[in-house]
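*Asks:* With chain A's structure known, arrange chain B on it following the hints.
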Amino acid sequence: MASQTKMPASDRKVILVGNPNVGKSVLFNALTGAYTVVSNYPGTSVAVARGHCEISGQRYEILDTPGMYSLLPITEEERVAREMLLLEDAHAVIHVLDARNIERMLPMTLQLIEAGLPVILLVNILDEAERSGMSIDIPLLQEKLGIPVVGGAIRNKRGLKEVRRAIAECAADDLPSFGYSSDLEKDIAKVATTLTEDYRLDLRALALLLLQKDEEILDLVRSSEGDNFERVQQAVAETAFEHRFDLHLRISLERKRVCKGLLAETVRQPDNQRLRFADRLSAWTTNPWTGFPILILVLYFGIYQFVGKFGAGVLVDLCEGSLFENYLNPLVVSLADRFVPWYWLRELVVGEYGVFTLGVRYAVALVLPIVGTFFLTFSVIEDVGYFPRLAMLVDRIFKKIGLNGRAVIPMVLGFGCDTMATMVTRTLETVRERVLVTLLLALAIPCSAQLGVILGLLSGVSGALLVWTVCIVLVFLLVGFLSAQVLPGERPMFYMELPPMRLPQFHNVLVKTMTRMQWYFLEIFPLFIIASLLLWAGKMTGALEWLVRGMTPVMGLLGLPADASAAFIFGFFRRDFGAAGLYDLQEAGLLTPVQLTVAAVTMTLFVPCIAQFLMMKKERGWKVSLGIFLFVTVLAFSVGWSLNVLLLFSGILS
Amino acid sequence: MKNSSKAEDILEALWIAVVEEGDNSISLQDLQVSADDQPLVELVEQALIEVKGARVYLRHSGRLEGEKVVRRHRLSERLMMDIFDLKGANANNKACEFEHLLNEGIDTKICTLLNHPTTCPHGKAIPPGPCCLEARKKGGTGVVPLTELKVGEEGEIAYLSTEDPKKMQKLMSMGVLPGSSIRLSRTFPSYIFHVGNSEFAVDEQLAQEIFVRQP
Chain A
1 MASQTKMPAS DRKVILVGNP NVGKSVLFNA LTGAYTVVSN YPGTSVAVAR
51 GHCEISGQRY EILDTPGMYS LLPITEEERV AREMLLLEDA HAVIHVLDAR
101 NIERMLPMTL QLIEAGLPVI LLVNILDEAE RSGMSIDIPL LQEKLGIPVV
151 GGAIRNKRGL KEVRRAIAEC AADDLPSFGY SSDLEKDIAK VATTLTEDYR
201 LDLRALALLL LQKDEEILDL VRSSEGDNFE RVQQAVAETA FEHRFDLHLR
251 ISLERKRVCK GLLAETVRQP DNQRLRFADR LSAWTTNPWT GFPILILVLY
301 FGIYQFVGKF GAGVLVDLCE GSLFENYLNP LVVSLADRFV PWYWLRELVV
351 GEYGVFTLGV RYAVALVLPI VGTFFLTFSV IEDVGYFPRL AMLVDRIFKK
401 IGLNGRAVIP MVLGFGCDTM ATMVTRTLET VRERVLVTLL LALAIPCSAQ
451 LGVILGLLSG VSGALLVWTV CIVLVFLLVG FLSAQVLPGE RPMFYMELPP
501 MRLPQFHNVL VKTMTRMQWY FLEIFPLFII ASLLLWAGKM TGALEWLVRG
551 MTPVMGLLGL PADASAAFIF GFFRRDFGAA GLYDLQEAGL LTPVQLTVAA
601 VTMTLFVPCI AQFLMMKKER GWKVSLGIFL FVTVLAFSVG WSLNVLLLFS
651 GILS
Chain B
1 MKNSSKAEDI LEALWIAVVE EGDNSISLQD LQVSADDQPL VELVEQALIE
51 VKGARVYLRH SGRLEGEKVV RRHRLSERLM MDIFDLKGAN ANNKACEFEH
101 LLNEGIDTKI CTLLNHPTTC PHGKAIPPGP CCLEARKKGG TGVVPLTELK
151 VGEEGEIAYL STEDPKKMQK LMSMGVLPGS SIRLSRTFPS YIFHVGNSEF
201 AVDEQLAQEI FVRQP
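Line order of the protein sequences matches chains A and B.
Each step along the first sequence adds one to the number in the working numbering, with nothing skipped, and position 36 is 36.
Each step along the second sequence adds one to the number in the working numbering, with nothing skipped, and position 115 is 115.
Any given hint could turn out to be false.
[What the hints assert, rightly or not] Label pairs and their calculated CB-CB ranges:
#, chain 1, residue 1, chain 2, residue 2, range
1, A, L522, B, G179, 46 to 52 Å
2, B, N103, A, L487, 44 to 50 Å
3, A, E230, B, D82, 31 to 37 Å
It should be emphasised that the hints constitute simulated quantities derived from the structure, not laboratory data.
None of these values were measured; they are calculated from a predicted model.
For each residue, glycine too, the CB sits at the ideal point set by N, CA and C.
Bound-form chain A, shown alone (with noise of 0.2 Å):
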């Protein structure tokens, strides 16, 4: 198997790139079938998908970047997809547009084209660009630009058969170039003209990334040029004085009449478009005043009543209180009765904290629907286009807590999972939103399994679920707004593309659920694993009967029962476990509502499970993570003291 991690040099690359949401994932599914291997690229955290495809014998790999506006990236993953273009040698770079919007998206393909890439253009959503009106004559543009394109709408394998025959013809050998004004030609040939080196990169393509002051260009061509690099910089310099007006702009005004030009006789667009429902429930989600009855109705049906009480309520009682608790448990406790005749290994796999008993068990039976009935929902809100109109309707909310709208979707994500909400911080532009989003998701949003299990807890206590929720919503804010004051850095700016509304589509709602799931089981089911395995040692070592009486001071000062700090230490292994170990108590009788509700409130700012810390650390390295962590504990264990004085002094709950 580990051979075939490796490509043979014989398979051709052909790299999909785009602006987000115009369908490179569905081509990336439509020519690599099941057989997607989502890996890091190289020396980054950026999550780039490799899959395989055979076109009339020859096997091609295909990489999906993630989504790029120009060839000039501002965030990492930009930077990640720019430098795949640059650094990987590919056979074919097929760029992947929205009809309905060409005329914006064209210029990207000049850029490519520019840097002498093999470019191939897909003219994707084609059927929703003809059903507003639109026409595109795709021979003619063809025609018009001299590279392969394509027309289609790949959701429905429209053009899919074109695009394979397109990556099998595909030969770079006479790219069209396109003539900008004179002036500005000058002054590409007078940068050009001072490079002397060889470079993968056209060299006008070059001189265009020098004149708009592209920093990693300057880096490359500083190290390569050595001696000559003053000159180049001279020459940059100059032509940047003669004219006194940003050249990125004045390119970008270039590319843009180049492209008015081709698009001219090829695009045919009608005046008037009607306002579809799509567009009339756009304006609804984010009109404040509908808005956040929209966003309450999505919680309530989507999270309440899905998630929570379709997921947590019927699908874990049937998982668990049928199928494991009636027959599989049973089952393999009898058969390790009768088969293992020694004790420890019996307690492994199905005493207290057996591999079989407590980590599958949980994993599967516990965990796995709430995750799932989650995904699902988030997925089907994500293909409608709703996370956007989301974002700019807290972004003013947002900027109080130092950050902006956007983080709405690393937060909303980490109600399903923190340690991949952690993961997809990385979206986020500037350090600061980051850190701030990591410790906002580490220390006050509670993953799916574990809301799951604390909403099924805090039900049979009227009052608790009230209590709980203004103070996590109440830490969340405070804590939001002060690391905002604290935290060095920029004011974030808020802007976004909103996509337009659509009826989730089944197939990629599928694809998106299926692929988070994999995901959540390939990482979390080893750490149940782990963590029942850590728990079998401690018991029988006796070592966690030791750090369960060394907590046991700290839940007298919370008012807390011994035994709950057992849940406490299994918190660590996973957030859910350890609300699932406080169900456990309540089962027993053990806890009273006051003591509830301070258990699940400290448990839900405790420190997050040992996957997210992980990935914490990952993603912000040691000091960040480990700051964060103590300060997540030290805080959690203070408000869970101070909400236990409130509620015994106030008489609340009791």
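*Replies:* Then chain B, alone, in the frame of chain A:
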């Protein structure tokens, strides 16, 4: 007649306190002057201010004169920031020196050069001068930030003024380019606008950087 720089500074502080912050007067101590200081006497003689006991009051004619001084100060701040690209304390000091050079006539020229700005770099309103009112009356082809448009209004993007090249780059790569037509469809809680067939949401700071020419 032209007042000394010190007198102008007193008038400016008094105008801001009275007109913008709503005090009825300001104490001599706050102004850091004593009742017999020459600049103060100068202003009293022109009937611009009145000194009663330890407090200084703004008179009606002082109100008009003060507005002009504040206008000159804030215009010169804009000039320092936008044209000379000076920032922070340096810009402030230079603006304070510069404002006293902007007698009538010169402030009009600078105001026109800056395209009749409405706020100073700190976000405070610049009192409009006759040139601004006239430009507004002629109206029509004025270039205004996106934030000045009303919902449903359309225009053509004239230029992007953002100083952070990354932000400008982002706007441009999304297709928000000078020459494109733009339609504003929402202003709260954030700004939503259409360019071509696409819809974008930006916050107020970014919306202020997009300048639109109205038909």
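*Asks:* Hints numbered earlier in the text: which of these fail when held up against the supplied structure?
*Replies:* Nothing - there is no hint that the structure violates, so all of them hold.
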